[in-house]
Structures are given as structure tokens and as C-alpha cells.
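Kindly produce the complete structure, drawing on both the sequences and the hints.
These are the residues of each chain, in order.
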Amino acid sequence: MSAQPAKALAETAAEFGLKAEEYALIVRRLNREPNLVELGVFSVMWSEHCSYKSSKRQLGKFPTKGAAVICGPGENAGVIDIGDGQACVFKMESHNHPSFIEPYQGAATGVGGIMRDVFTMGARPVALLNALRFGDPGHPKTRRLVAGVVAGIGGYGNCVGVPTVAGETNFHRGYDGNILVNAMCVGLADADKIFYSAAPAPGLPVVYFGSKTGRDGIHGATMASAEFDEASDEKRPTVQVGDPFAEKLLIEATLELMASGAVAAIQDMGAAGLTSSSVEMAGKGGLGIELDLDAVPQREDGLTAYEMMLSESQERMLAILKPGREADGRRIFEKWGLDAAVIGKTTESGHLVLRHRGEVVADVPLAPLFEDAPLYDRPWVAPAPQPRLAPADVPEPGDYAQAVLTLVSAPDMASKRWIWEQYDRHVMADTLEDSATGADAGIVRVHGTRKALAVTSDVTPRYVQADPYEGGKQAVAEAWRNLTAIGATPIAITDNLNFGNPERPEIMGQIVRAIDGMAEACRALSFPVVSGNVSLYNETNGAAIPPTPTVGGVGLLEDYARRADFAGMHGGQHLVLIGETRGELGCSMYLREVAGREDGAPPPVDLAAEKRNGDFVRAAIQSGQVSVVHDLSDGGLIAAAAEMALASGCGAQLNADDELPAHAWLFGEDQGRYLVATAAGDALLAAAEAQGVPARIVGAAGGDELAAPGVFSLSLARLRQAHEDWLPRYMGG
Amino acid sequence: MKAAVVVFPGSNCDRDCRTAIERSTGAEVAMVWHKETTLPEGVDLIVLPGGFSYGDYLRCGAMAALSPVMAEVKAAAGRGVAIVGICNGFQILCEAGLLPGALIRNEGLKYVCKPVALEVTNAQTRFTAGYAGRRQVTMTVGNGEGNYYADEATLERLEGEGQVVFRYVQNPNGSARRIAGVVNDRGNVLGLMPHPDRAFEPELGSADGAILFQSALASA
Amino acid sequence: MRAKVHVFLKEGVLDVQGKAVEQALHGLGWADVGHVRVGKTIEFELAAGDKAKAEAQVQAMCEKLLANTVIESYRVEVG
Amino acid sequence: MRAKVHVFLKEGVLDVQGKAVEQALHGLGWADVGHVRVGKTIEFELAAGDKAKAEAQVQAMCEKLLANTVIESYRVEVG
Ligand SMILES: Nc1ncnc2c1ncn2[C@@H]1O[C@H](COP(=O)(O)OP(=O)(O)O)[C@@H](O)[C@H]1O
Ligand SMILES: [Mg+2]
Chain H
5 MSAQPAKALA
15 ETAAEFGLKA
25 EEYALIVRRL
35 NREPNLVELG
45 VFSVMWSEHC
55 SYKSSKRQLG
65 KFPTKGAAVI
75 CGPGENAGVI
85 DIGDGQACVF
95 KMESHNHPSF
105 IEPYQGAATG
115 VGGIMRDVFT
125 MGARPVALLN
135 ALRFGDPGHP
145 KTRRLVAGVV
155 AGIGGYGNCV
165 GVPTVAGETN
175 FHRGYDGNIL
185 VNAMCVGLAD
195 ADKIFYSAAP
205 APGLPVVYFG
215 SKTGRDGIHG
225 ATMASAEFDE
235 ASDEKRPTVQ
245 VGDPFAEKLL
255 IEATLELMAS
265 GAVAAIQDMG
275 AAGLTSSSVE
285 MAGKGGLGIE
295 LDLDAVPQRE
305 DGLTAYEMML
315 SESQERMLAI
325 LKPGREADGR
335 RIFEKWGLDA
345 AVIGKTTESG
355 HLVLRHRGEV
365 VADVPLAPLF
375 EDAPLYDRPW
385 VAPAPQPRLA
395 PADVPEPGDY
405 AQAVLTLVSA
415 PDMASKRWIW
425 EQYDRHVMAD
435 TLEDSATGAD
445 AGIVRVHGTR
455 KALAVTSDVT
465 PRYVQADPYE
475 GGKQAVAEAW
485 RNLTAIGATP
495 IAITDNLNFG
505 NPERPEIMGQ
515 IVRAIDGMAE
525 ACRALSFPVV
535 SGNVSLYNET
545 NGAAIPPTPT
555 VGGVGLLEDY
565 ARRADFAGMH
575 GGQHLVLIGE
585 TRGELGCSMY
595 LREVAGREDG
605 APPPVDLAAE
615 KRNGDFVRAA
625 IQSGQVSVVH
635 DLSDGGLIAA
645 AAEMALASGC
655 GAQLNADDEL
665 PAHAWLFGED
675 QGRYLVATAA
685 GDALLAAAEA
695 QGVPARIVGA
705 AGGDELAAPG
715 VFSLSLARLR
725 QAHEDWLPRY
735 MGG
Chain Z
344 MKAAVVVFPG
354 SNCDRDCRTA
364 IERSTGAEVA
374 MVWHKETTLP
384 EGVDLIVLPG
394 GFSYGDYLRC
404 GAMAALSPVM
414 AEVKAAAGRG
424 VAIVGICNGF
434 QILCEAGLLP
444 GALIRNEGLK
454 YVCKPVALEV
464 TNAQTRFTAG
474 YAGRRQVTMT
484 VGNGEGNYYA
494 DEATLERLEG
504 EGQVVFRYVQ
514 NPNGSARRIA
524 GVVNDRGNVL
534 GLMPHPDRAF
544 EPELGSADGA
554 ILFQSALASA
Chain S
18 MRAKVHVFLK
28 EGVLDVQGKA
38 VEQALHGLGW
48 ADVGHVRVGK
58 TIEFELAAGD
68 KAKAEAQVQA
78 MCEKLLANTV
88 IESYRVEVG
Chain D
18 MRAKVHVFLK
28 EGVLDVQGKA
38 VEQALHGLGW
48 ADVGHVRVGK
58 TIEFELAAGD
68 KAKAEAQVQA
78 MCEKLLANTV
88 IESYRVEVG
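Top to bottom, those sequences are chains H, Z, S and D. So for the first sequence, the working numbering puts the first residue at 5; every next one is plus one. So for the second sequence, the working numbering puts the first residue at 344; every next one is plus one. So for the third sequence, the working numbering puts the first residue at 18; every next one is plus one. So for the fourth sequence, the working numbering puts the first residue at 18; every next one is plus one.
Honestly, the hints are just simulated from the structure, not real lab data. Hints are not guaranteed to be accurate.
[What the hints assert, rightly or not] Derived EDC-like pairs: lysine to aspartate or glutamate, alpha-carbon spacing no greater than 16 Å straight-line:
id: 1; chain 1: H; residue 1: Lys349; chain 2: H; residue 2: Asp367
id: 2; chain 1: H; residue 1: Lys455; chain 2: Z; residue 2: Glu546
id: 3; chain 1: Z; residue 1: Lys417; chain 2: Z; residue 2: Asp387
id: 4; chain 1: D; residue 1: Lys27; chain 2: D; residue 2: Asp67
id: 5; chain 1: S; residue 1: Lys27; chain 2: D; residue 2: Glu60
id: 6; chain 1: H; residue 1: Lys349; chain 2: H; residue 2: Asp376
id: 7; chain 1: S; residue 1: Lys70; chain 2: D; residue 2: Asp49
id: 8; chain 1: S; residue 1: Lys81; chain 2: D; residue 2: Glu39
id: 9; chain 1: H; residue 1: Lys339; chain 2: Z; residue 2: Glu546
id: 10; chain 1: H; residue 1: Lys216; chain 2: D; residue 2: Glu39
id: 11; chain 1: D; residue 1: Lys57; chain 2: S; residue 2: Glu60
id: 12; chain 1: S; residue 1: Lys21; chain 2: D; residue 2: Glu39
id: 13; chain 1: H; residue 1: Lys420; chain 2: H; residue 2: Asp638
id: 14; chain 1: H; residue 1: Lys615; chain 2: H; residue 2: Glu584
id: 15; chain 1: H; residue 1: Lys57; chain 2: H; residue 2: Glu507
id: 16; chain 1: S; residue 1: Lys36; chain 2: D; residue 2: Glu60
id: 17; chain 1: D; residue 1: Lys57; chain 2: S; residue 2: Glu89
id: 18; chain 1: S; residue 1: Lys57; chain 2: D; residue 2: Asp49
id: 19; chain 1: S; residue 1: Lys36; chain 2: D; residue 2: Glu62
id: 20; chain 1: D; residue 1: Lys27; chain 2: S; residue 2: Glu60
id: 21; chain 1: S; residue 1: Lys27; chain 2: Z; residue 2: Glu495
id: 22; chain 1: D; residue 1: Lys81; chain 2: S; residue 2: Glu39
id: 23; chain 1: D; residue 1: Lys27; chain 2: H; residue 2: Asp603
id: 24; chain 1: S; residue 1: Lys36; chain 2: Z; residue 2: Glu546
id: 25; chain 1: H; residue 1: Lys420; chain 2: H; residue 2: Asp729
id: 26; chain 1: H; residue 1: Lys216; chain 2: H; residue 2: Asp305
id: 27; chain 1: S; residue 1: Lys57; chain 2: S; residue 2: Glu94
id: 28; chain 1: Z; residue 1: Lys453; chain 2: Z; residue 2: Glu488
id: 29; chain 1: Z; residue 1: Lys378; chain 2: H; residue 2: Glu338
[Claimed, not checked] Computed footprint of chain S on chain D, listed as stretches where at least three residues anywhere in the stretch have a Cβ under 8 Å from a Cβ of chain S:
id: 30; stretch: 47-58
id: 31; stretch: 73-84
All C-beta atoms, glycine included, are put in the ideal place defined by N, C-alpha and C.
As C-alpha cells, then:
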């Protein structure tokens, strides 16, 4: 082993993002100084991204079990039982920093990475979602970032051939220096054919397959755990380039290899590539692993051991084969034209041993790398509570019609057609609802059955900012509500926790309280967490992003014919509002977009009411009683009515409320509410009353205007123009 | 009745085509890997599916057009077997010289995925006989390079001979003369950009694509 | 030997990329830019002994794969 | 004045098109072809008076629009 002067190494450690005490800990665990390769391995395994050192204690609060949970957090993706011997595998992951640096490739490789997590477990990916947060539309970088990210997501997903069926897009100056690109993938597998990453026995061949290794993204994992500053441009590693064609071949080859019965354990090479995949496989199996780096397929000459271990070249897999099954591998890799090699074997040593050019270049025990990484209980301070706003605290608009137009054309509310028309939403021929169709969740059929999966992604960062606890609850509740609104039974979530620097107590306070709220909602709604991802240090020059714990929800429809959307409203129907309205305007869209303020407490989430109202609505859909439903969220009643009207091509008239002023009634964002269009309004009210669910008729469908008589009226054409024009005009400008 | 779907590396609508043919016609469908040098005995319909063969790198369909199986596809075309290329399959047929023209970058430069209304310009081909009496059908497009190009003389000839089979009601990508699908002069090779394989059941928003597969196999 | 192939759209085939680049350049204030055409370059090594042979080979590659002569022209440089 | 800009991926950045073209050429029997790189060429007219000025202008266009300098390099020819 080559000796390095200790002082220089300690300095290098700091450059790799390790704190002095962490370096000291490495020396203690090894009983010696590490060499450069070993230090690289430690630095990526102990990075925030791989070790969850700041968040792990908090993540333990999530409920992760449930009748339908087959595999919770800890593997590449979560697995839930959907009956009939089938399982759904899903996860969400961020690619925030890479997408800011190179939006197309950053977003594309984000999609590629999350798909690999899903097919690594034996599932065929069947749906993609994306949750995007950009800076202020007026910021000079925003337009180019939107164009690049959207093209990258489409470019990758479309080529691989997995439909992108849902997502969300927000704009806020808080993301000017740190955009968020969260991608979610959902797959289907046979429940008894799930593959895991733990190496089962010593002496088995370790096979590398997929694309060759280059110098891509070295220190990507540590970069994902560091703040930006003006010098970041200099530090950036070679950008990872996605090859969706290689990914498509990799999916087919992986699933074929699994079907052949040759696979004992398997793991994709994601962040920290060969290092994290080999360490995790051996570590989880309680074994050791030996790699011969000369055997690694290489794209460039002269790659060092250090570079190979840290490379984040895309579209690569590591598999441990059952004894004597190398020939199956060779046949399948050759068919799909993939590079492949046996690069090592599992051992009993409990060590990671790397050989390169005839020398042992690293030999470290796996335990400290894998399960003994430092863990922090970071100090935190509770965020200051914001005052609850009464309707009287918020001015009414001078012109309601104008206020409604402002709302439906606000960047967060305007149609995202410009985005989702660039996504293939129909490949696989099982898409029933997608971004275009007017439904609260994307729906894909479970191929060949009457069942379908419903998927959604939600969080309202402005609520989390004002009150992380209520905002955390709300994110989970909204995902649950969206699945409920199409008639699906919500099953489980994945989450993507995007925050600033956890070493700052106020940021840690956001993390702690948001997780408390999410966990509370998960418990109350029986909606466990089965997978997730944490992205911290989303800060530039000390300014953190709004706290953004994205929730990806999955639900099941037993019979997709019994479902609801909000595109089927027609004249003659009553509009029935389920749930209670107090006129909560704090943190509302109205407050921000019309009144120009971002203050107050967010609407509180009453989880018992949420559950009661939702269960009622879902039962009404599943029994066939109603089929036109929309949940109320951003923009309140008027936004829901406007979206229903536009999707259905049918007008709507809303009555006034006896007690509330019009702005609180129309724009309030009280939680746990749904708007239903039905010809049998009275029957629905009676059913609701019998179950103690607040419900009232709030208007009627028909005509070609959206109106609240005596308050405002707008033609659908004007409304549509305002809603549709903003994004294409912005992107064209 | 027997159909074959060719699978190229990067095809991603191969399964969709199989399902669409099975559900709309009940025909037996064989999946044929692009390296094969024979086609199934007695095949009545060959489908080149959509997707991104070879990642669409260099030019869409260029590398797939050189696949070993394409020699067999050409021979089958010569024997009068019905051949349909959908989306990337259309691009491959053009690159292979089985259909005139080429598909270039969309006018808007972006990938576009949306439902489109199509005029059935010629309901007398073996692929469209089932549309007789229907002026308009709906299918979705999903492509970045679906902009049909041919020189003026070729376009005139195609129009004159009734080889333009489908036309967009509203042009989504800048295609010459709003062309969405064409047949060869013998009438047994069809290429189209919209996806009948995503429009074979009402649940999918349209069942109009089923008729295309039914017609193609009924004519065999 | 190093080969370089330039592929561009034939005159008469609408170059949508070129058009978009032109508009973008105008939008950025370079108003006098015109006739923008976007083409491809494919460069590679090959082991042919002499230049004439190499040229013939690369020519064949173009006809077979690198260019679509329905819409594209190409130029070969070997050396 | 005629300007020509060659844009290609930086050394070390994966060239997915180059890789695919190389494999295709091998498959067609040109086994000795290697190091295939695919780049872009953008050609246009511009009205600059002298060559130095034109070069500076085109350089600016590259930085601003024509090349993605995070992953691409470029070369300008004016004349
Ligand atoms: N916020 C979270 N909530 C629940 N589970 C999480 C969360 N973040 C990470 N996990 C789990 O921790 C494990 C490791 O995550 P990660 O390192 O992101 O996976 P990968 O190595 O596949 O990229 C996964 O099982 C993941 O589901
Ligand atoms: Mg993984």
C-alpha cells in the first residue's frame, strides 16, 4: 500500500467534505491512516447522501409497517402488496445539484437513477412522476433551467419507454440558487420474485454489467451533500451524461437475468457507484468482498483505483450470481450488447479488499463503512409560530374577476401543458389518467387486469415554511386526498426530504418538525412510508430553500371502471362541497398572488376529519354513487371549480356563503375538502349526514361561465386563455 | 391469422403492439428479435413498433434499418405481405427505403405527446378498409421527429396515387401536407406516426386503432 | 488514420434547428445573422493503409449509415 | 462573412451517439473503426466588417447559446 504523509491526507479529507473529527474517527477505526483510495471510499460512504448521518434518527419516527408492506425503507425501493400475487415497487429521489449545473443531463440522470432503483428489485417500471421547484420566473436562470430539466426528463423517460403520468411544478424565489428535481418511479413485480441486495454467501462471483466506467461525477455524492458558493463552478466534477438507450437495454437484460434464476443478489450503481454498491451488498450480507479493478470495463485509459471506486458513470449494475451461473449472464449480456465482467467475489473476511495492477490498493473493514458511520443528533430550534389569520385580516380584492384570472394564471397554478406535452404519457398502453386528463392522480392499469395503480406527488412548501409540523401533515394528507379523490385506496408513500443545511439549528428544526407532522399524518391515515431520499444542504450563500418534503403516494383501484375524475362535469349537476370551510387565508395562494403577502399560519389539518371525509368520498366513488370529484387545495373552492369547468368544458355557478366574506369563502384553503358534481345532490347530502360528514350544496354546473352571482362572472374562454397562456408565453419569451 | 412484431434494441412499443393486435383481432403474435434471419412461417402481418431503436442516435431508425431481420422484412414486402411501421417503425421503413421520404425534427423542436384527430384520406387500402364511412379518427402521437418530408415530386406522386392514407386535422409537427401516414405504391407497406397501438380500447381514450389491425389482418 | 464526415441537410429541406438557432440569435440581439444551418460531424479513427482506400471506405459508411441521402449531403475528410 | 462553429463534447464526457455509431459500424463489418465522436456544426452568414470583430462576435454567440460549455467545447472558423 502506498504511504501518504498524514498531514496531507487530513487536508484531503477536509476537501472531500469530512470533518476533522470524522477523519480522526476513521484513523481510530482503522488503527492507522487510510490511503487515498480508502479515504475516498470513506468520504463517500460517510457523506450525508449515503449515510443519512443528520437525518437517520429523525427518519426512525416514520411508521414503516402495514398490512400491505412487503419491504419498507432499507432497500433500493419500497415494496407493497397489491393482491393477486403482485407487488408494486416505488421510490422517489432527488437530483437537485446536478440539475442546477447541467439541467438536461442532471434531470435525465435523475430519472435514470430512480428507474434503476426500481428494476433492481425485480420490478418493471410502469410509471414516472416528477416534482419540480424552480426559482422566480423573473430570475435570469429560470427559463433555461425549466427548458433543460423538462427536456431531460422527457428525453430519458420517453426513450426508455415508461410513461410520465403525473408531477408538480412550483416557482419561488426561494429556489433561485437551488432548484429541486425529484423523480419518482413506480414498478410492478410478482410478489414472490422480489430481489434484494444482501450478499447471501461467500465465494460467489460479483458481476459488473451495463455501461463502461469513466470519470463521470466523481464526488457527486459528496457534492450532493455540500452547499453551493460562487466557487462551485470550479469544483464541479465531470458531468454525468445519461444514456437512456443503455438504460432500456439494462432493464431488459436485468429482468431477463432475474427470470433465468441466476441472480443471488443485485444492486444498481447509483451515487458513489462501485463503492456504495459493493459495500452495501457485502455489508448487508455480513460478508466481505474482493474486487479486481483491472477487470472493470473502462471507457478511458489510465483510470486510477480511486477514480473507478468513486465514478458515477450511469447505467451500471452489480450482481452476485448463484454458483456456476456465469454462462446465463454471458448469454444475456451478449444478447443485449452490454459490457460485463466478473470483477470479484464475496468473501468471509468482513473486509472490502481492492486490487489494482497487482497491488492491494485498499483493505478496510466493512462495518465502520456500512453500519458504523457517524450519526448526529443535531441541535435544533422550534420554528416561531405564525399567527392564524382571520378573514378580516386579509383585504378583499378590488375586482373579483381579475383576482380569479390572476389566480389561475399564477405560475404555480397555470396549466403545465408546455411541460407534460413533452412527456410520453401513453407508452405501455395502460395509462388511464395522466396530466392531461383532469384527474387528481395519474392512473395506470395493472397490465392485463381490472386493477390499476394511482400515483401522486405533493407538498406545499409555503405551508411547511410557515409551520413545518402542519405543513408536513398537509403534504401527506394531500397525497392521500388526491388518491382518494379518484376513488383509490391509498396504500403507502415514498418521500423526498429537501432542506437546507442541517448544521443550522433553525433548518434542523424544520426537518425535525416536518418529519413529526408527516409521521403523525402517516399514522392517522394508515399510510406508511416504504422508501425515500434525503437531500440536505440546498443552500446558496447561506440562503436555504423553502423546506420541501415531497410526498409520493401510491394507491390501488380494485376495478378501474369505478373511479372518478373531474373532467365529466355537465349541466344539471349540483356541486356538493364535502368538508368544513372556515375561510383559512393564511399562506394561501390568494394571499401571495393577489394580496402580495406571504404570512400567517397555514390551514391546520384535522386528521380525523380528513380521514372521515375521505373515506366517505372514496366509498361514494367505489359504490358508483359519484364519478366527478376534485379535491380542494391551492386556491381553494374557486380554483377547484375553475379546474373542473375547464377540464369538463362546462360552466359552474357558486353560491355565496351566509357567514363568510366572499374572498374567504372562495379562496380559503381549508383542508380535508372535496368538490363533487352529481345529479343526485340530495341523496349525497343525506348519506353524508348519516355519517357525520359535513356536506352542502354550493352551486350548480352548466352554461359557459364560471361565476359567483353578484360577485363575478368570467367566460370559460377567458378563463382558459389565462390558465393556458402563462407558461408557453413565459417559455417563448 | 398470424402476426409478427419485430423487436429492435430500444423498441418500447413492442409489447403494446402485441397486446393491441391480440385484443383487437385475436391473432397469434410472434415477437421476432432483430437479429433473426427468418420470419415465422406463414406470417400475415409484420409490425415494426415504436420506440427509440438504438436510442434514436445519429438518425431515428437509421441503425435499425440495417438490422439482419430487415432483409427478411424487405423480402416479405416483395411477396406482398402486409407491413405496418408505427412511429419509430415508420422512421425505420423510410430509412430502409421501403417507404418514400423521411421524418425530420418536429417544427417546434420539441417532443410532442398528444391526441390528434386524423382524416382517413384513403379508406381503400388494405389497412384502412375498416374505416369506410368514417372521416375522422383519433389516436395519440408521441414523437420528436415526426415531421414528414419528401420532395415536391414525390409528394405529388403520393397524393396522385392515393398513397397518403392519414392526414392530421391540425398539424402537430410541421409535416408536409399534414401527412400522418403513407403506403408504398403496391399498397402493402404502411407507415404512420400516430399510435394505433395506444388506441385499441375505449378505456385508452380511443379504440380507433383496433380497426387498423383488424383491416390489415382481414386483408391477408 | 483520422476520418471526419460532415453531414448537413440538403438545400430545400427545411432546417428546423437552423431556423430556431437563427431566431434565438436574433432574439439575443445579433440581428444580422442569416442562413443558419445546423449539421453533424462524425469523427473517428480507422486503420486503412492508404488515404484513397480510407476515403473509399468512409464513403461507403456514409452511403450505408452515416447520411440519409434523401435529405442529407455529406463531405468526407481523411488524413 | 461566413462563420462556422464546431461543437463537440469535452474529452471525458460520455458521447452516447458516438458509442452507438461505433457499435453499428462494427456490426456492419468495419471492425477497425474506433474513437467515434459525434459533434455539431453550425454555419451562418454575418455582417461583421472585419474578421477579428466577427470572430469575437461568434465567440460570444457560442458562450451564450451555441455551445453548452459545461459539457461541450467549440471551435470557431470565420472567413
Ligand atoms: N426520507 C426517507 N424516508 C424513508 N426512507 C428513506 C428516506 N430516505 C432514505 N430512505 C431509505 O434509505 C435507504 C437508502 O436510501 P438511498 O441511499 O437514497 O438509496 P439508494 O442507495 O438506492 O440511492 C432506502 O431504502 C431509502 O428508501
Ligand atoms: Mg439504489
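Hint check results:
no., hint, result
1, H:Lys349 <-> H:Asp367, "holds (15 Å)"
2, H:Lys455 <-> Z:Glu546, "holds (13 Å)"
3, Z:Lys417 <-> Z:Asp387, "holds (14 Å)"
4, D:Lys27 <-> D:Asp67, "violated (30 Å)"
5, S:Lys27 <-> D:Glu60, "holds (14 Å)"
6, H:Lys349 <-> H:Asp376, "violated (23 Å)"
7, S:Lys70 <-> D:Asp49, "holds (14 Å)"
8, S:Lys81 <-> D:Glu39, "holds (14 Å)"
9, H:Lys339 <-> Z:Glu546, "violated (36 Å)"
10, H:Lys216 <-> D:Glu39, "holds (14 Å)"
11, D:Lys57 <-> S:Glu60, "holds (11 Å)"
12, S:Lys21 <-> D:Glu39, "holds (14 Å)"
13, H:Lys420 <-> H:Asp638, "holds (15 Å)"
14, H:Lys615 <-> H:Glu584, "holds (13 Å)"
15, H:Lys57 <-> H:Glu507, "holds (11 Å)"
16, S:Lys36 <-> D:Glu60, "holds (12 Å)"
17, D:Lys57 <-> S:Glu89, "holds (14 Å)"
18, S:Lys57 <-> D:Asp49, "violated (22 Å)"
19, S:Lys36 <-> D:Glu62, "holds (13 Å)"
20, D:Lys27 <-> S:Glu60, "holds (14 Å)"
21, S:Lys27 <-> Z:Glu495, "holds (14 Å)"
22, D:Lys81 <-> S:Glu39, "holds (13 Å)"
23, D:Lys27 <-> H:Asp603, "violated (47 Å)"
24, S:Lys36 <-> Z:Glu546, "violated (40 Å)"
25, H:Lys420 <-> H:Asp729, "holds (10 Å)"
26, H:Lys216 <-> H:Asp305, "holds (12 Å)"
27, S:Lys57 <-> S:Glu94, "holds (14 Å)"
28, Z:Lys453 <-> Z:Glu488, "holds (9 Å)"
29, Z:Lys378 <-> H:Glu338, "holds (12 Å)"
30, 47-58, "holds (count 11)"
31, 73-84, "holds (count 5)"
Figure legend: structure checked against the earlier numbered hints; hints not met, in rising order: 4, 6, 9, 18, 23 and 24.
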